[in-house]
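**Student:** Residue strings, one per chain:
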Amino acid sequence: MDIFTREQTKSTPWIHFDPRENRLQIQGESYPENSASFYAPMMEWLEEYLNNVGDSGVRVDVELVYFNSSSSKVFMNLFDRLDEAAKNGAYVQINWMYHEDNETALECGEEFLEDLENVEFNLLPIEE
Amino acid sequence: MQNEIRSFYHQLQNQGIIFSFSGPISQSLLEGIGQTLKQKMSLEETSTNVIRKVFSIFVELMQNIINYSAQRVTSQEADHEISYGVLIVGKEEDQFYIISGNYIQEDQEAALQEKLAKIKSMDKEELKQYYKQQRRLQADEASKGAGLGFIEMARKATQPIEYDIARMENGYSFFVVKAVI
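Chains V and C supply the protein sequences, listed in that same order. Residue 128 is where the first sequence ends in our numbering, and the numbering goes up by one at each step. Residue 309 is where the second sequence ends in our numbering, and the numbering goes up by one at each step.
FYI, nobody ran anything at the bench for these hints, they're computed from the structure. Since we're looking at a predicted model, the values are computed, not measured. A hint or two may mislead.
As the list claims (entries may be wrong) - Within a straight-line C-alpha distance of at most 25 angstroms, the following computed DMTMM-like cross-link-like pairs (lysine to aspartate or glutamate) qualify: (1) C/K260 <-> V/E111; (2) C/K166 <-> V/E63; (3) C/K284 <-> V/E63; (4) C/K252 <-> V/E111; (5) C/K260 <-> V/E107.
In isolation and in its complexed conformation, chain V is listed as follows:
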């Protein structure tokens, strides 16, 4: 499988999913006009990746300064899919990174954490 990657834009994050390292990274802001269609290729890639992940360790680093409500839905889908993979035997660690002073980003992380059962979900503050 190839690396899945997208450059950062004003309204979309940098995405770098590396199947060899089992490391998925998302960083930036997310408020595209149509989140479902923007993230569709990423979700397709993920589907294929998780179908073959077995019991590997997967590390997911997410650092989102801001995202809109339709992106929130996509990220919930992403985390649900990862949670399912964890239930099926993969070891999935999600690192939710937020800037110390960004209350909203922390709350968003907590709300994802509350809705997931099988992944290790870490809330990691970044010092200013």
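The hints should help you fit chain C onto chain V, whose structure is shown.
**Tutor:** Just chain C now, kept in the frame of chain V:
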């Protein structure tokens, strides 16, 4: 004409209006104005948490116009449509407010009315649960967003969301919504 523009401009300023736009709205316009809005607030030393809330509601309202305004120019490429609406950002007694307005189809009125009334009746904890519940639902076919925008706004706002829907002619209604931060 020149006099009218001058008095229009002063009228906006006297009412504490920071920004007002009426006309065709696109994602690139949203990105540009959003950046300027953040810059302006940060130059005035607005707290970063307030800036983030204002920006978040600004994005939801602009995208609401982009996705749902009934007055639009369609394009072959799905993501390159232009929609019409009006959006105002202002400051009143130390609080920011954002108002948006756009046409909707008359037959969308009831569902919108119901959704907004429901949101208005909820406290912050109920809004959180409703948000999480809606986030897990499959997006309905007609919705380009996630149906979460107004809930998100109500959660970020410091006062209940105000709205008005007025019946117009030819099967259209005009929808106005206001959030205070």
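**Student:** Now tell me, hint by hint, if it's right for this structure.
**Tutor:** Here is what the structure says about each hint:
1. For a cut-off of 25 angstroms, the pair hint linking C/K260 to V/E111 stands: about 8 angstroms separates their Cα positions.
2. Our distance criterion of 25 angstroms between C-alpha atoms is met by C/K166 and V/E63, whose separation comes to about 20 angstroms.
3. Using a Cα cut-off of 25 angstroms, the hinted pair C/K284 and V/E63 holds, with the two alpha carbons roughly 21 angstroms apart.
4. Between C/K252 and V/E111, the direct Cα distance comes to roughly 14 angstroms. Compliance with the 25 angstroms bound is thereby established for this hinted pair.
5. For the suggested pair C/K260 and V/E107, the alpha carbons sit about 13 angstroms apart, so the restraint of at most 25 angstroms is met.
In this structure, none of the earlier numbered hints is contradicted; all agree with it.
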